[in-house]
Every structure is written in structure tokens, then in C-alpha cells.
Amino acid sequence: MKILYFAWMRQRIGVSHENIELPNSVNTVDGLVDWLIARDDGYAKAFAKREVIRAAVNQEYVPFDHAVSDDDEIAFFPPVTGG
Amino acid sequence: MIRVQEEDFDIGAELAALTGGDISIGGVASFTGLVRDMAPIDGTDHNIKTMTLEHYPGMTEKKLAEIEAEANTRWPLAASLIIHRYGSLSPGDQIVFVACASAHRQAAFDACQFLMDWLKTDAPFWKLEDTDTGSVWVEARDSDDRAKSRWTDKPDTTS
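Residue numbers (the working numbering), protein chains in the order written: chain A, 748 to 830; chain B, 138 to 296.
Hints in this document: simulated from the structure, not taken from any laboratory.
To list a few chain A residues with every Cβ distance to chain B over 12 Å, as calculated:
hint, residue
1, I767
2, D777
3, V780
4, W782
5, A791
6, A795
7, P810
8, A814
Cross-link-like lysine to aspartate or glutamate pairs, in silico, EDC-like; alpha carbons within 20 Å at most:
hint, chain 1, residue 1, chain 2, residue 2
9, B, K285, A, E807
10, B, K186, B, D269
11, A, K749, A, D818
12, B, K199, A, D819
13, B, K186, B, E143
14, B, K199, A, E807
Glycine included, C-beta positions come from ideal geometry on N, C-alpha and C.
Produce the entire structure from the sequences given, and follow the hints as far as they go.
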């Protein structure tokens with residue numbers, strides 16, 4: 748699975764993207780976030796306010812109960828501020 | 138048409154290219170977003186030295202194309218264009234340009250506002266302002282969500 752991070756999430760985690768092997772126990776976006784937070788303090792800081800973070804699976808916005816699989820590209824980022 | 142690019146753009150040339158040759162077009166409305174020189178941070182205005190725009194290559198183009206397609210289903214547009222820049226910008230620089238051409242003005246005006254309102258809440262861009270007191274990520278505004286929500290109902294195009 749490819750995971751991308753943008754804006755201050757990228758800064759807090761320290762990488763813009765990474766490839767991981769999705770554990771069998773992880774089936775949803777929420778489950779992935781829980782798993783990431785347990786890995787490292789940077790993730791815990793980046794996901795501290797989970798309710799404000801937006802997730803996109805294969806470049807489509809999804810709610811956090813959305814399913815994930817090892818073939819997915821998933822991105823996490825703060826609310827967007829373009830325009 | 139949509140374009141996501143680092144380089145600046147020429148509004149006159151873009152408008153000429155958008156409408157060129159189509160004499161059914163009766164009006165073109167456009168909006169240009171610029172980098173302001175001041176930003177309120179915790180209630181106090183700060184001077185902006187530079188603004189850096191980050192985006193999600195791939196998803197950005199996909200969302201902009203969807204937003205443009207949606208506008209074209211809602212209004213009878215002869216042509217439409219969204220340009221959004223990324224990278225390092227300075228106060229006064231152009232950030233974003235949207236233009237809509239139609240036989241009549243109302244569709245052009247409305248579609249133009251629609252594109253901006255949807256782009257603000259859906260296109261994956263983030264602004265980092267480098268001010269005289271440090272770098273700050275711009276926070277999303279509730280007013281942008283409200284601006285988008287007014288387009289929930291499809292317009293009455295029969296009148």
C-alpha cells in the first residue's frame with residue numbers, strides 16, 4: 748500500500764509518502780490510522796485531531812470507516828485551502 | 138479545460154484562446170485569485186513574504202476535472218477553464234483563474250462562482266504562508282463550506 752501525507756501532516760510525520768505492507772488485521776481507514784499511531788510518535792502528533800483530517804483512497808474522498816486493501820493508494824491531509 | 142502549473146499565466150491570452158472562433162458566445166465571466174500581502178494569524182495581521190502552494194498531483198487534476206464537468210452539467214457553457222498554480226508565489230502573484238463562457242451572462246457568472254466555491258473545498262491544495270513571524274499553514278474557513286453549500290440545489294435554467 749502506498750500512503751501519502753500532505754501539508755503539516757507531512758511535516759509532522761517526516762515523509763511525504765511511504766510503502767507499507769498492510770497487516771491482515773487492518774481493514775479500514777480508521778484501523779490504518781490506529782496502526783500508524785502505534786508505530787511512532789510523529790504519527791500520533793499528525794493524527795492527534797483525527798476528526799479534522801481528510802482521507803482519500805485512490806484519489807477519492809472517503810469516510811474513515813471506508814475499507815482499505817493492500818493495492819490502494821491512500822492519502823491523509825488537513826482540510827484543503829486552495830483557490 | 139483544466140491546468141495545474143507552476144508558471145504564471147496571461148489572462149488576456151487565456152480568454153482570447155477560450156472564446157476564439159466561437160461566435161455563439163455572448164459573455165465570459167472570469168475570476169482571478171491573487172496572493173494578498175497580509176494574513177491574519179491569531180487575530181493579528183502579518184506581512185506575507187512568500188506563499189507556497191502544495192498539492193496532490195493526480196488527485197488535483199481529477200477533482201478539478203470533476204468540478205468543471207459538474208458545472209457543465211448545470212449550466213449551458215460554451216467553454217470553461219480552470220488554471221491553478223502551485224509552488225512558491227509572492228504577494229500580488231496570480232494563484233488561480235477560472236473562466237466560463239456562455240450565450241448569456243447569468244450562466245457565465247453563476248458557473249464561475251460555482252467553480253471557485255467547489256474548488257475551495259474539494260481541490261487538494263494547501264497554502265503555507267511565510268510571514269515576518271514564521272511559516273504558518275493557512276487554515277480552512279467555515280465560510281468556504283457555507284459558500285459551497287449554497288450550490289446544493291441545481292439552478293433553474295428554464296428562466
